[in-house]
Amino acid sequence: MSLETHQHFFRQLLRIRTFEERVGELFVRGGTAGSMLHLSIGEESGAVGVGEAMQPGDSFTTHHRGHGIFLARGADPRRMMAEIGGKLTGYCRGKGGSMHIADMGLGHLGANAIVGGGITHVVGAGLSYRNLQTGGVAVAFFGDGAMQQGGFYESMNLTALWKLPVLFVCINNEYGMGTRLDRASASLEFVKRAETFGLVASEVDGLDAEVVHDRAQELLEQVRKGQPAFLKVNCYRFHGHARMDKSPYRDDAEEAAGRQKDCLAFQRKRLIDTGMTEADCDQIVTEVNQEMDAALQYALDAPPPPLDTIYEDVYAPGQPQPEPVDQRLRDALHSPILSGRA
Amino acid sequence: MSLETHQHFFRQLLRIRTFEERVGELFVRGGTAGSMLHLSIGEESGAVGVGEAMQPGDSFTTHHRGHGIFLARGADPRRMMAEIGGKLTGYCRGKGGSMHIADMGLGHLGANAIVGGGITHVVGAGLSYRNLQTGGVAVAFFGDGAMQQGGFYESMNLTALWKLPVLFVCINNEYGMGTRLDRASASLEFVKRAETFGLVASEVDGLDAEVVHDRAQELLEQVRKGQPAFLKVNCYRFHGHARMDKSPYRDDAEEAAGRQKDCLAFQRKRLIDTGMTEADCDQIVTEVNQEMDAALQYALDAPPPPLDTIYEDVYAPGQPQPEPVDQRLRDALHSPILSGRA
Amino acid sequence: METTYREALRLALQESMQADPSIILMGEEVGRYGGAYGVSKGLLEEFGEARVIDTPISEEAIVGTAVGAAMTGLRPVAELMYVDFVTLSMDQVVNQAAKIRYMFGGQIGVPMILRSQGGTGRSGAAQHSQSLEAWFLHTPGLHVAMPATVTDAYVLLKHALTLPDPVVFLEHKSLYVQKGELTPDQAPPWGKAQVLRSGTDFTLVTYSRMVHRALEAAEQLAAAGISTEVIDLRTLHPLDMETVNASVSRTGRALIVTEDCLTGGVSAELAARITEGSFDFLEEPVLRLAGEDIPIPVAAELEAASVPSTERIVKAGHLLLRR
Amino acid sequence: METTYREALRLALQESMQADPSIILMGEEVGRYGGAYGVSKGLLEEFGEARVIDTPISEEAIVGTAVGAAMTGLRPVAELMYVDFVTLSMDQVVNQAAKIRYMFGGQIGVPMILRSQGGTGRSGAAQHSQSLEAWFLHTPGLHVAMPATVTDAYVLLKHALTLPDPVVFLEHKSLYVQKGELTPDQAPPWGKAQVLRSGTDFTLVTYSRMVHRALEAAEQLAAAGISTEVIDLRTLHPLDMETVNASVSRTGRALIVTEDCLTGGVSAELAARITEGSFDFLEEPVLRLAGEDIPIPVAAELEAASVPSTERIVKAGHLLLRR
Ligand SMILES: Cc1ncc(C[n+]2csc(CCOP(=O)(O)OP(=O)(O)O)c2C)c(N)n1
Ligand SMILES: Cc1ncc(C[n+]2csc(CCOP(=O)(O)OP(=O)(O)O)c2C)c(N)n1
Ligand SMILES: [Mg+2]
Ligand SMILES: [Mg+2]
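Protein chains in written order, with the working numbering: chain Z, 1 to 342; chain U, 1 to 342; chain G, 1 to 323; chain V, 1 to 323.
Next comes chain Z alone, as it looks inside the complex (with noise of 0.2 Å):
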């Protein structure tokens, strides 16, 4: 690849670091809705490299650690951070958070907070795809931990058996929470698991975001062609479950050896071995980090959700809407026959 390729790909890498950290910063200071914030760092990767080789009119769910995901496919950081500070101009006003972004304009069907709870949106995307021939794929991102619910073994068996235009891509961190993957599954054979149910399927190093794409992108040939596959990519969550986990149940030792899979520190060397500077590099770090930094204020910033938005949204406009409780008991108590409003 070329080195603009490198630098795009390393700017990618690193907009996604630099924005959990500022997310992990947010909640330091008070300004996310809640603890149960999902950080990517050591995932990156996995989300730029299966990004990059996204095409537009290409949709995605992921798991609820996706920040990284849909900021690889073109994410505005300011209105995520909003979004996961419960802001007014957050992607979802304010209502899903970090667990549940999603933006229909970009492809993002939806993080979800149900284990496994998106993986079969993409066969559907995918059906649509197929049935009104758009030319786009569907690819649903998830953990390892999903791999042990039985609904992606339905999900991977609907697609191979209606040759669906999807994707499935496994971001293997090792954990699920406090459990490794080794706890969580008897075998490690899910590649060959996936070909048992007539998916295309490899799995990859996740040290190489660049390998990543190359991989994602074979794949993505043939699931366009109608042949549905799956990709495991390898890495290691840096960082606790959410927030408030320290992770007590791992030693220091394994940790700092995850640690050494940096796909950012990778792909920075990189960068330098093709004859760029510490300076030119530096220098986009600091461009990061003022993007960043803005994401970070804007959130803080924005104004919340007005209180009676929270009736809306619940049906479509025009659709009977939520009656409040509160006006429920009046009515009870003032005849609403008699005052005619029943």
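Hints were generated in silico from the structure; no laboratory data involved. Every value quoted in this text rests on a predicted model; they were computed, and no experiment measured them. Where a beta carbon is used, it is the ideal one built from N, C-alpha and C, also for glycine. Accuracy of the hints is not assured; some may be wrong.
Said to hold, decoys possible - Listed next, the stretches of chain G that the computed footprint assigns to chain U, with coverage defined by at least 3 CB atoms under 8 Å from CB atoms of chain U:
| id | segment |
| --- | --- |
| 1 | 187–193 |
| 2 | 279–288 |
Stated by the list, open to error - With a cut-off of at most 27 Å between alpha-carbon atoms, the simulated BS3-like pairs for lysine-lysine come out as follows:
| id | chain 1 | residue 1 | chain 2 | residue 2 |
| --- | --- | --- | --- | --- |
| 3 | G | K179 | U | K246 |
| 4 | U | K192 | Z | K192 |
| 5 | G | K173 | G | K158 |
| 6 | U | K192 | Z | K225 |
| 7 | U | K261 | Z | K192 |
What the hints assert, rightly or not - Residues from chain G that face chain V, not an exhaustive set, calculated with beta carbons under 10 Å:
| id | residue |
| --- | --- |
| 8 | F47 |
| 9 | G48 |
| 10 | E49 |
| 11 | W135 |
| 12 | H138 |
Using the hints provided, position chains U, G and V with the ligands relative to the given structure of chain Z.
This is chains U, G and V with the ligands only, laid out in the frame that chain Z set:
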């Protein structure tokens, strides 16, 4: 195997075939509780082959097409027939019917009307046997259709992860209602698939019940050592899905061919080949006919459950029992508080 | 024209699919088999495999696939053969379909229909006879339709196929052979209850199969000099309490009849709303005649005893009028 | 002794497991992690991996495994990290655990506990904040316990671990840090509601987290000269309407406060039963202050506005007394 064994297998296969024919007769005579009756004609070898390889202290669950399996494990055909007739003297006092026959004494943890519904139960039974060190094995019998249910994959993983004494037996009769297996599953590599979950697995032609038995025997030996296994028995569903189904979705040629795979005829031929006379065989047929005619008559003569039994068995005796709706109505109009009933 | 509930449903699907190419049907046995209860017979032949899709036995993925398809340009009708099987897809119905518009801040809706059937009448036993509509009534984000008549089977399904949000459309297994006149032009709009019989002594509120038993009972009560107003709710969401309370405020007495089991059932919400809306007019507490608080047994007589019968509705009417 | 809701639950599990070797714990992160909310901390160390079992993320199989284990000699406590995830195991809870005794004609029961937690308070958004108890109230065959206090967390869990039938045991995520005196000897028996505050003007019926807001509200109402009787139901099945109706028949007014959404919720059954049981004594319709009919939004202020607050309970009390 010895001639007695050959004879025993023949008798067992024949008892199932004949029982199912009598179920059909009971239905025609209006003696069954409903028409959701799923006959296992053509599938007797899976029931007898595996059933004979099981031991006292082993338990099992079955799918909705489980009459044969229970008979192979020692069921009393009269009480079975009575249950299918919804009678008080049936195994479940006329509350469960064909799809919910169970008998704890014989280790039958229950037939299930939810496709795949009973599979996870054997995982729990296996866990009990491991923890309580009973030496027992739990066997799940289910159809090819259940291979498309996610819960089955979760179950395989748990048994392998915890090394539970569990055997999964898929009775592949080629159809799930009107859907042939190859239209329900993109890949038919079920054995390989089970292996990728950490199970030992194999499949066997259901034509010869003794071969099925030997294969089940081999697998059960490993299962007792804590290595869960999967066995697929290939056969053909001779008749429609349930009593109302005339199988319009498959042509006569296919059906004729399928019915050639007749494990009962095969075993009878084996008896003849090993020196038994047709007369000897017919003698067994006569005995079995008598047994099953008696079961049919028993069901017809059996008393229906008294209406007030509907409130029993919702909760254990001694626990608060359901209050009849009509009683509530009366209470509402007769100030229970004044009458001191509340 | 006279037709059956089953035919009316098929006609609604057929006409809607002809008019809207984005509508697809998916579920177990909906294609070649024509539907376990024959509702979709002939549709595969007319619309082809791309739009009438037989699925494996994978309830979770069936509904999840419909959700994803509904978000990307199709209008899926996902069929669950028995509503009892929704227990395998509740995450997709409740956590996904019902909440996506909300969680995503109104960006998009999930215009899909979950078609299924419930209720007793075929000795299907505990796992094939339930009435689970109360769960959906309790799930914000869903519409819930439960047609009792040939005409409503047709008009409600056709309207459901135009809504921007998910609809749980629940048929009754004992109504498929129900005959009746198909008169769409005389049907009330979506979300409005229908007064099927006017009366002055008490208001009987019901829906789905129990509507027919209620009408029979009203006939018998009339012979005994008791005048019953029978209201068919037609949809549980929207829930037309205006019509119900307007009636109860006149009659001063209400009896609710549902097939689902009493405790925590639809009858509870109806009783609460009637009491809230008509308290000053109530001569008696609102009565609930519902399914027993038990699983459904298989024996035909026991099954029949588990849900309200015409006779017991008549008895309840006498009880309520104290004569 | 003073302790927390979390500690009380752990103590109940620990003592019960010491006394009954057939009790096992299973669920996601219940072992090494000590439970997502720390309830089972230390139990793996004390009872070992055979009895405290970390499971993969397989909700359907977790509950199904518990069902099978309960039928074969163990007494499993299956934990679902959030009650919202029960949507993935409803078949096992509703079609299997709740119905097995019945379907099998009383041969055997399913002595298991489904432990989970629900409710708002942590900005968990729509899929991590639900209150789904109404579904279980509507499922014959289940017991449903919802402790509000430290003492009930302890006594109800200990008793549940002796019952012959399945118990859905629902904790509240906002109560784990709740402090209180552990006084088991002063607790009412299983199935009995508890009058936590005597009053004369109206009866406030509630359970779980809302009990605490109700008591705060009652305090404020007292200052305004309104006397509130506060009843904590403790279990929804059994449902102690005797205690509730005895109170309402004295006060003549009832306010129900629940966190689950109003329509089709537990408040509906309670309102219906109070009206059925105390109609002649009611001065006003039974009022229901419940969760809004919406999914739970993530923003803290919006989340708070989705469920009853102490202030709104006070308002409702004034409204009910018309002063
Ligand atoms: C159905 C369901 N079960 C359990 C949880 C609780 N939970 C949230 S994340 C998580 C671990 C998921 O692990 P993995 O899929 O590997 O994703 P990762 O967190 O490692 O990115 C669990 C158990 C959930 N949100 N949904
Ligand atoms: C969860 C669930 N989905 C659908 C059905 C309806 N149904 C009953 S049997 C059956 C076919 C099952 O096929 P298979 O598992 O191969 O068993 P077979 O009938 O061939 O013995 C179906 C779809 C059901 N009972 N449960
Ligand atoms: Mg992981
Ligand atoms: Mg089959």
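Going down the list of hints, with the structure as the test:
1. Coverage of the segment 187–193 of chain G by chain U is violated [criterion: at least 3 residues with CB-CB distance below 8 Å; count 0].
2. Counting residues of the segment 279–288 of chain G whose beta carbon lies closer than 8 Å to any beta carbon of chain U gives 4, which reaches the threshold of three, so the coverage claim holds.
3. The straight-line distance between the Cα atoms of G:K179 and U:K246 is roughly 25 Å, inside the 27 Å bound, and the hint therefore holds.
4. At roughly 9 Å between alpha-carbon atoms, U:K192 and Z:K192 fall within 27 Å of each other, so this suggested pair holds.
5. In summary, the hint linking G:K173 to G:K158 is supported, as the alpha carbons are separated by about 20 Å, within the 27 Å threshold.
6. With a C-alpha separation of about 26 Å, the suggested pairing of U:K192 with Z:K225 holds against the 27 Å cut-off.
7. With a CA separation close to 32 Å, the supplied pair U:K261 and Z:K192 exceeds the 27 Å bound.
8. Taking 10 Å as the C-beta cut-off, the interface hint given for G:F47 is violated, the closest approach to chain V being about 31 Å.
9. At about 33 Å, the closest approach between the beta carbon of G:G48 and any beta carbon in chain V exceeds 10 Å, and the interface hint on this residue is violated.
10. This hint is violated: G:E49 has a C-beta 29 Å from the nearest C-beta of chain V, more than the 10 Å allowed.
11. Evaluation of the G:W135 hint against chain V yields a held restraint, the C-beta minimum of about 5 Å falling below 10 Å.
12. About 3 Å separates the beta-carbon of G:H138 from the nearest beta-carbon of chain V, less than 10 Å, and the hint is met.
Comparing the model with each earlier hint shows violations of hints 1, 7, 8, 9 and 10; every other hint is respected.
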